[in-house]
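Chemist: Below, each chain spelled out in residue letters.
Number of protein chains: 2
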Amino acid sequence: MAAAARVTLADVYRAHERIMPYIHKTPVFTNATFDKLIGRNAFFKAENLQKTGSFKARGALNAVMSLRERNANAAGVVTHSTGNHGQALAWAAQTVGLKCAVIVPRDTPQVKKDAITSYGAELVLCEPTPQSRQETCQRVAEEQGLEFVPPFDHHDVIAGQGTIGMELLKQAPDLDAILVPVSGGGMASGIAIAAKAMKPDIKIYLVEAEGKMCEKSLRAGERLWPNPPQFVDTIADAIRTQQLGNMTWPILLKYAEKDVFTISDADMIKGMKFAFERMKLVIEAASGAAVVAAMSDKLAAMDKDMKNIGVILCGGNVDIDKLPWY
Amino acid sequence: MAAAARVTLADVYRAHERIMPYIHKTPVFTNATFDKLIGRNAFFKAENLQKTGSFKARGALNAVMSLRERNANAAGVVTHSTGNHGQALAWAAQTVGLKCAVIVPRDTPQVKKDAITSYGAELVLCEPTPQSRQETCQRVAEEQGLEFVPPFDHHDVIAGQGTIGMELLKQAPDLDAILVPVSGGGMASGIAIAAKAMKPDIKIYLVEAEGKMCEKSLRAGERLWPNPPQFVDTIADAIRTQQLGNMTWPILLKYAEKDVFTISDADMIKGMKFAFERMKLVIEAASGAAVVAAMSDKLAAMDKDMKNIGVILCGGNVDIDKLPWY
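The listed protein sequences derive, respectively, from chains F and Y.
The first sequence begins at 18 in this note's numbering and counts up by one.
The second sequence begins at 18 in this note's numbering and counts up by one.
Bear in mind the hints are in silico, worked out from the structure with no lab data behind them.
One copy or two, it doesn't matter: identical chains are merged, so the pair holds either way.
Here are the computed lysine-lysine pairs in the DSSO-like style, where the Cα-Cα straight-line distance is at most 30 Å:
hint: 1; residue 1: K339; residue 2: K290
hint: 2; residue 1: K42; residue 2: K53
hint: 3; residue 1: K233; residue 2: K287
hint: 4; residue 1: K130; residue 2: K290
hint: 5; residue 1: K324; residue 2: K187
hint: 6; residue 1: K339; residue 2: K287
hint: 7; residue 1: K287; residue 2: K130
hint: 8; residue 1: K315; residue 2: K213
hint: 9; residue 1: K42; residue 2: K324
Just so we're clear, the structure is a prediction, and the values are computed from it rather than from any experiment.
Isolated chain F, as found in the complex (with noise of 0.2 Å):
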């Protein structure tokens, strides 16, 4: 990785001030009942609220801008996406109005894709595999002159999904912890940059689905995962990308804890249903492993000092036709 692309606090600032007109400043949500359960204080960044329903907006819309601001003539973007990243630089191409075309795995929900459409952008189907989406990101790039803006592994979306670090600690500035879902790992590192340079002390906990191997390869300093790379078997759509990106990687191996929270999917849906419960948010389940990561008895048993908690909701699109204790 270049130096020139090292992501720096200054550039989750920038991205912040370049975003903010457009997207919504979450609300970080407590609970009664969820702190007496755990014996700490959990602080829910609800980003399932935030535009297009999940993060995504964040990394999108200021990959959007960026690229705008250095080159005012780009035709356009195309990506390939579960669905979230998807539906998400759709609507941030629609608000700075460039085309946008987005490459969806055949067994997306219809939701995902109705959403996508929804901001105007063009739905390419490609099967449900890592290397059939990017072969066919990189056909529709060539023949419609789109720059690929990925899911991840890009300077600027990783810096866009660091504001979500900056505004977490600026609405809860004595955080000890924060619990992070991750897939390639966009949003994990971008947290941990802004989070470690904002307060140097705080711990980056990952959460996972099962099968991702996070803590293996963390605990050897070397990228353990079986290539090619592969989606794990989840309910949680948004969290199947089993490697971390060759970005990312660096960065959670020098900021994120090794411990790693690994939730099943039972599990999850335990965390889905406190949220609609008692909570009365509707949160996906890479949301729910969140939320059953801060129940857990693993973080029960870590540090009594660590008072205060910092829980992502990622993100609220599960369809609900098809919840998954139905």
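Using the hints provided, position chain Y relative to the given structure of chain F.
Modeler: Relative to chain F, chain Y alone:
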């Protein structure tokens, strides 16, 4: 109604001072998709995020705290309730350390019964008729020396609910109208008192379940409902009471518009689904009624100068294992 019992903006203000340390100042959400759809600006007051999951926490806490101010030796409180008020009174009593008994109809959703007992209240079941509720309540009050706090026909309850209107107009000062779901009318009359005092030109529109027939009585200027009081047949268990209260009726006759929004079950579900899908908020059917009223042909046909519409999302207490569209 005695002059001394009149609720004024000053009462609402004092209620707010009293309850503010314990309740949430709920956020007001906007939604670009919704605004485009209805051609006006909607401001959603998210009382579904209130303590206990509904606005009822405000009135109940104001009543309990006022009781304690008047009588430091009060034994406790009792009420009958379809759920939300009972839950709120249980929470309020627990908050100030008083005993609470709640009479609930047998057919109340289990999730509401559980919530009431989770706040430490005693649950007393009755038949699902207004008469059975009142008789059981009176018996328990006498046996245990508890003060009856009714769900709506009570000075301190109305003043407490009025804090919604006061807060909302501070958060969204340019409102031209407010859409308020109505059952006994405690919330609607409280909001009307506060909003009309702060902004005399604002319009207060009632939103009701089919069969409630408010408009007929309002237009005639007299109570045309059949006796004995009954429940209307609706999925919105929070707004089943057919008659407005004896205290709330003259307030709403004075302040509410004669045009009433009458919402079918199917349309309430449509409103709920919009909130779940596009706003990521869990709301109950009564709130869905207000959402869909804002989307209705009836509102569309009204004066285009009525640009900014407050929509009261009164609660989020829905059994998520039995969502009405499954």
